[in-house]
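Q: So you can see what is in the structure, the chains are spelled out below.
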Amino acid sequence: MNTKKIYQTGLALASLLVVFSSCKKQLEISPRQSIEATTALTSKDAIDASITSIYATYKSARLYGRDLIAIPEVLADNGFATNKSGRLLSEAANVQGAHFTGSVWSGSYAAINQINNTIAAISVGGITPTPVQADLDRWLGQLYFLRGLYYFDLVRVYGYVPGAVVASQDRGGVPLSITGIATSADALAWKPSRAPIADVYTQIVKDLIASESRLTFPGLGVNVANKAAAQALLSRVCLYNKDYTESKKWSDAVITLASSKLATTANYVAQWRAETHTETLFQIRFATPAENIGVNESLQTSFTTLVTPGNQASTGGFGDVVPTITMLNDLGITLTGGNTTTVFALNHTVASRSTDVRNLMFEPGTAGRGNIKVECTKYIGKNGTINLDNVPVLRISEAILNRAEAQATAGSSVFNLASALSDLKAIKARRYTDYTGSAQETADNAMTQAQLLEEILRQRRIEFAFEGHRFFDMKRLGRDLVKGPHYNNVAFTDIRILPALPQSDIDGNSNLKQNAGY
Amino acid sequence: MRRVLTMFLCMVLAVSSVLAQNRTITGKVADETGKLLEGASVQAKGTKTAVLTKADGSFSIQVAQNAKSIIVSYVGSEAMEITLNGGSVYAVSLKKKVDPLEEVVVTGYQARKKRDEAGAISSIKAAQIENLPNASLDKALQGKAAGVLVQSNNGLPGGAINVRIRGQGSYLAGNDPLYIVDGVQINTRSDGSFTQNNPLAFLNPDDIETIDILKDAASAAIYGSNASNGVVIITTKKGKAGKTKFNANVYMGSVQLMKKLQMSNSQEYFQMRSEAYGNANNLPWDNLAVLQTVLNELRVPNAATLTQAQALAAAAALPTYDWQDAAFRTGSIQNYELSASGGNDKTTFRIAGNYSLQEANITKADFKRAGLRFDIQNKATDRLTLGASVNLSTFNQNNPFATSGSFLGSPAFSASGLIPVNPIYNADGTYYGVPGQTPANLIGTLNQNIIQVNDFNSGYQRTNQMIGNVTLDYKINSWLTFKTLVGMDYRLTQGKNVRDARTADGFNFKGNVSVQSNWNTNINTYQTLNFNKTFGTKHRLDGLVGFELRRENNESISANGQGFPTYQFTSLNNAATPASVGEFFSGFRRNGFFGKLNYGFDRKYLFAFTLRRDGSSRFGSDNQYGTFWGISGAWNIDQENFLKNSNVINSLKLRASYGSTGNDQIGNFDALGLYGGGGIYNGGSGISYSQLANPNLKWERNITTNLGLDFGLFDNRVTGSLEVYNKETKDLLISQPIQISTGFSSITSNVGRLVNKGIELTLGGDLIKAKKPGAFNWNVAFTFAYNKNEVKELYGGLKILPGDNSVQVGQPLGVLFTQQFAGVNPSTGRPMWYDTLGNLTYQVLAKDRKIIGPQNTPLYQGGLRNSLTYKNFTFDFFFQYEYGRYTSDGQANFLIENIARINVLKQAYDNRWTTPGQITFFPRYNVNGTEAKASGAQSGTRTFFKADYVRLKNVAVYYDLSPSLVKKAGLSSFRFYVQGTNLWTASDWFSYDIEFVGTATGIVPQTKNYTVGVQVGF
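Here the protein sequences come in this chain order: S and V.
My numbering puts the first residue of the first sequence at 1, with every later residue one more than the last.
My numbering puts the first residue of the second sequence at 519, with every later residue one more than the last.
Worth double-checking, as some hints may not be accurate.
Unchecked claim - Here are the simulated lysine-lysine pairs, BS3-like style, with alpha carbons at most 27 Å apart: (1) Lys1317(V) to Lys191(S); (2) Lys1162(V) to Lys1051(V); (3) Lys191(S) to Lys1365(V).
Stated by the list, open to error - From chain S, some residues computed to sit far from chain V (all C-beta separations above 10 Å): (4) Arg62; (5) Asn117; (6) Gly332; (7) Ala426; (8) Leu477.
Stated by the list, open to error - Derived coverage of chain V by chain S (criterion: at least 3 residues anywhere in the stretch with Cβ under 8 Å from a Cβ of chain S; other residues may be distant): (9) 1132–1139; (10) 1171–1179; (11) 1479–1493.
Don't read these hints as lab results, they were simulated from the structure.
Backbone N, C-alpha and C fix where the C-beta goes; we use that ideal spot for every residue, glycine too.
Next up, chain S with everything else stripped away, as it sits in the complex (with noise of 0.2 Å):
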């Protein structure tokens, strides 16, 4: 080698070396579906998108979108399972662990993260444009509503209610984590205990009253928080707590505000037809088609196989959730043959029906899937494809069935026997065609205390059925399961009325006790 050949070799090593002299550099790539987390909530446009996405969690099938409001029919007495595409079938069965989901907690836990990390962007500031107070009232409104709802469901799935607690069985209510979590240090510091469940009814009616002020009605509507929806969440908070006196402040609050939304036997079915029941304080909206959750796990899928009312040749979902014998019973509908078990097993078809509209809402699917049943068509489409409804999470007739509970109650501070059948009979004169004037009329206005109570809860039965309720009032009435005669009854003692929590989260936190039996 010559030595211009080495100059020209260096030259050439040299060169190469001042190319990829810039390694570090070279490294550099950045995601484009995401932005750094540390200033994402910088600009109202974040805070605004921030609350959307708190919202749509809840339409998770584990969430509102099936669980909230199928798992309880099962779980309770108002659903059967048929079998045609084998869900819930557990559940309605009561299988030790085929309850509620550990998916109840990390989808609400993380959508509670998400409100505190937002509340606490709002609270620092530095938010451009600079918010003024209709902003804030806007946002510090919904959020302290979404926060009140995400731990009243964690604390009624997961704990005992107030005043219906097994306490041998009591392990409490659930972590109560009000400051955002934002790096992973703090993650893995977090090591909680479950909150007594008073605490946590404490935070929830606080956070509700936070929201109720900033509010207004109509506000934003019924598919986001608003003042009506916090009054009737908290009238039902307060009756679960047992705190008869709040939950009817805040039921004759709403009543005053909404009652003119009260369907009446006229207009009942073509509510549960539009998209919106004239009804709802807040839902959970289901709009495009990209929110659709499907055919397997919808709530039109689980609870009926038809596309649409009355259209018996044309089968969509399985149908997977029906009325249960006792649920046919109270809904006044006679199957051809009877109520009977064997009658049950075969295709149903409907002999008769009582002056309910509610009844309306059940008739007999298809073929398509196995034997035909009467099932519930409160979720059909209605948003204008398959498998697409909202989801209504309070109704003003809610409040007023609230009320009457709260005063039909023995030993309730706001006890009043006349005003809990007045609010009885204002429901029932809107849902009975032929009720104002009738025989039964007249047997309700001479019912005994516990005669009202017991038809206050028929009649929350009833009218929110396939609703989600059922087995949240047996619980928090502490109440057995009667189940009969499809399944074995369930004692309230039973350990199989609380879920399990999530075992990784017990496996990693010796602070973290697990529910009695798990």
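Given the coordinates of chain S, work out where chain V should sit on it, guided by the hints.
A: Positioned in the frame of chain S, the structure of chain V alone reads:
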């Protein structure tokens, strides 16, 4: 006495040689290439008479009149026995002696002789993988190299293949080896949305010359951060100087279902469904209400009015239809190849083209590939060599309904479980039970007419791939060369999937069409300075230093539309509702400096040192760079004087190595704290905190110790190698669970350690060695590998990874941790398990789970290849085996359910519990699935089985036309062959097939293939 005898014998021999009349034999000795050899020894057999050839290769030797043969030998060549047939002039052509250690292996930026290499490297030659109907090259590795476990995920042609070199070394990060084709690093990620499109299918396996697999860390360390799971280096065929040679190869054949499942018939189904209703309601199965309910389900008219006798008669009259026969088909295989190669001393080239079609045994899955390869090398000057190669390929696959899963419309899933009462066609030949008709669906949970669904649905996945490189070698001086390579791997994956408006999944949407387009750009370049210098006669130094860069961008767009005017319209243009759109981007960057130094003393003692410093964009900002290194040594014992002349040991080599490699096969942006899309609601699009940052995230590091022994015995009639290794993974990347109540589930962290230990044996040789060309020869090659995996450590002193019980300290990764099934209670027919105390229970709890054992990965595996040759015939057969795998078959689990919502395997039906006292594995039927106050029938180990097998993977018979006939026909070679794949399996697996990875639910099972082919050279 002995001495006297010896003397006597000597005398007899001497006398006889004197007495015999001699004759003169002359001739010339040359090597294979025709080069005349000086100094070859020519000896009359059985005598001491020997001469050496002269410079012109000629010899002249006196032999006895009755001498039968002479023996010709030469250093480095195989000795040859020449039969004397009466003539006196012989031309002898000696074959080069095959010394396995003199073969060249590609070790990473370098090609070296195996004798000079100290690492653990397995090589596979073209002959071992040629002409097999494998769509992708990874599948061709199966059973060929010890310690390389190859499992097909399913039977989809062009589908995903699972390759594990020396066990599973990572929990969270990937376990795929690094693939390098002619210097270009290729990823194996399938980007297709609608079917699996294995990127390695771009290359026709017949274009491969060798595959070298770097198994130990010291060898692989040159690839640093990518090399933890081993490196597979593929070298394609190149042109050779000389007359242009053409090679044509055609094979065709058929693809068949290996096994049809024996399902219950309609009467048996009726029986079990009735039992299921009866048991659930405490009624006898033949209770009239039960019979009526079931008949009604089965659409027997007026079932509710039948008497018991009528009901039983109606059940007996139910027809049985075979949906498996309707769904599965015999597919065809076609493969056409033509190549031309040649050149002169300056330029060599090879051009090759191929077209290949493989159909699956089920509609509509198939694989069509057209490929073109072009390769050119040019010696521009004595110092400068330029090269370029381009591989263009396009493969087009028709989409199956689904690649796996329990989809009702998927024939692979539903064909076996459909209730057999369902007719396939109406009397008029139209499809039975389709939307818009009466009935609008089939009876049972599997309610879609899968034949109609698959006839009407359409869709494809097309992958266009361009892989090419340009290289430049500049010889700076006699010992120093500069090399550069720029490679590119560009892949465009496009697909479309149509759920036809007439089928169940499309009916309510009036058609549902999705499209996808994904493009992946992978650019890879390296520059090296290679040196090779001998000092004195004994010291030899070679090696390289270099720099490498790789960048990959992956982007895609997708769209979905619904609501088409008629089923004939499937273009998104015609969709009434644009249901969704999507866009995606990801990518990574890597760069690294590396160097390797090999030192050899007298080719006896070898040492090597490797170092690489690598950076990867995937890690935390503080830990992007890692250093990896390897050291190895070897001793060629056969070169020692005490073995040099051994007749038993021809080659013997002891190797040892120690080194570290890295693994960065994690998500491209796992270290960052991110806000991402948070769903849509009420017309708005949300954002949410999607990932917590971990700035400390760093490499997972593998440290491997390897000991190896290579040997050749009895004139290299027996060759083999033995490897023992210990592969330790440190800083194990784990998805570290955090309390879900934080709102997150895990962060990616380096917390854990695991070890893979194993033994690998490769043994080959001639069981029967042909004495002369054309005689019977039986060659075998056997591989065996044992690998034991153990998790050694988890963060925070934990014994079990929270949330994932399959990761436990002291157990193999993925250990099965569940409740032990205890069979069926003979008195009640209900399934039982063992609780923590070993008592029988109907209801298992989380605490009853225990360690059952390893699952999914075999402990022992390997292959046995036999090659028998006689005259012009070659008969090859190849077995592969796996032992010690324990797994669950999702498809079978559906088919042994005790609900009877779908049809059930005949075996399960026959063995179901019916009467008290019966001992069986299959519980009684119950429509509720789960008995009251009990666990689900399929809980615990009930669905886990041993998956050991031996499979006759390949059988081939070749017939080569004799050279003289070939010459007469104006050809250079002619070969005819018949071939079969998956012909026989020893296993008691009761589902479609034992060869699968992951779930078997609804996968297209492996197939049995037969092909015939012709290969012509001219």
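Q: The structure should be examined with respect to each hint, and the outcome stated for every one.
A: Quick rundown of the hints versus the structure:
no.	hint	verdict
1	Lys1317(V) to Lys191(S)	holds (19 Å)
2	Lys1162(V) to Lys1051(V)	holds (26 Å)
3	Lys191(S) to Lys1365(V)	holds (22 Å)
4	Arg62	holds (13 Å)
5	Asn117	violated (6 Å)
6	Gly332	holds (24 Å)
7	Ala426	holds (32 Å)
8	Leu477	holds (24 Å)
9	1132–1139	holds (count 3)
10	1171–1179	violated (count 0)
11	1479–1493	violated (count 0)
Going through the hint list in order, the structure does not satisfy hints 5, 10 and 11.
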